[in-house]
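Whenever a hint applies, use it, and build me the whole structure from the sequences.
Now for the letters of each chain:
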Amino acid sequence: MMKRQQPLAVQPSRARQQYHGWHNMIFRALIPLLLFTSQAVSQDLPGRKVPSVTMSPSPLTTVARGKPTDIDLRFHISPGFHVNSNKPNSEFLIPTALKINAPTDIVIGKLTYPPGQEQSFPFAPDEKLSVYSAEFSVGVVVHPLASVAPGKYMLHGELKYQACDNAACYPPKRLPVEFEVKVVKGPPARHHRNPGQSPHIHG
Amino acid sequence: MKRDPFVIIVAAMALTIMLVFGFHMARRKSNPIDKTGAQMKGQPAPEFTLQSLDGKTVHLADFRGKGVLLNFWATWCQPCKIEMPWFVQLQKQYGPQGLQVVGIAMDDASPEDIRKFAQDLGVNYPVLIGKEAIGDAYGGVPFMPETFYIGRDGKVVDKVVGLISRSEIEEDVKKALAQAVQAER
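So the protein lines, in turn, are chains D and X.
Using our numbering, read the first sequence as starting at 27 and increasing by one per residue.
Using our numbering, read the second sequence as starting at 1388 and increasing by one per residue.
Everything labelled a hint here was simulated from the structure, so no lab data went into it.
No experiment lies behind these values; they were computed from the predicted model shown.
There may be inaccurate statements among the hints.
What the hints assert, rightly or not - Quick list of in silico lysine to any residue cross-link-like pairs, SDA-like style, CA-CA up to 20 angstroms: (1) X/Lys-1503 <-> D/Ser-116; (2) D/Lys-199 <-> X/Ser-1497; (3) X/Lys-1518 <-> D/Pro-197; (4) D/Lys-154 <-> X/Arg-1553; (5) D/Lys-208 <-> D/Val-167; (6) D/Lys-211 <-> D/Ala-128; (7) X/Lys-1503 <-> D/Pro-121; (8) D/Lys-154 <-> X/Ala-1524; (9) D/Lys-199 <-> X/Gly-1522.
This is the structure we're talking about:
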């Protein structure tokens, strides 16, 4: 058996060569078709890219019962775009805001947003806008109550943002957000001895 | 007959590509005014009927005989906020020569919020509550601001996507008014 298979692998038969050639031909024919289709479909927004915000995968974080723990969620903004910070300089601008829905007995505490970068843009060089660009993190305090059973919990939420480039703005969007925490039993409570009971004092 | 899985996968891919492309083209054809700015130039501006912030029914045809600056905007659009005071000035400056600025608010904010936004900026021209249909009629309006300059004859003179400088806007207004004057002669 081995003797028969080896020569076949080294010198493919003519039929097999034709077969592979045919495969290559189909692939070569498909590539321009794929390119044409993607180009035609992308013509909806001629000359403009669409902004996108994505979240980095968050590693599993261990949190102790009864103890608040800070977790950083990192977000990336596609190049050439910015989103408003959590505290934009105008009441009408839509702030970037994270909302997390936690399971019962896991309390979501303070959300900490980074300060916005005060930037001016070509369309309004005299005005500073408070924005995030490229990358930003939002801190989430996760506080499992003592009643939570140890184990892994998936937390879901959404990031609302509204992106602009240097000349135009795009409608607000909501990015689904999720991250996992592992709840473990908290450290044992410390027992404080009463110093008054020291034999040295009475001795 | 033994079927080659490679052929089946390739055939499925080709079919999917054709379906996506066909669906896309059908969608484009079903929207007869899905045109770029260049294609809309010289064409009659799509007619519309919308409600203004003060409850009046407004048709584009109401402004026939004037040069119209038709601005699509939203309360969350900072570049829009930058250019709207310019439109206020241009309405004052060129209104007597036949310019009519018309704003179309394209966001989900309440009419009260839109009114407050417009009042804060001292808007002195009609602001209409936009609908998806008018966005579609004017090419989708996927981002803002978008401004159409319409001559006195009701034809599109120019379309500008995104914010440009005040002087460029003024040039477009002058073109629209100049064309309107020519159309009148």
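Failing hints, ascending?
-> Number 8 - this is the single hint that the structure violates.
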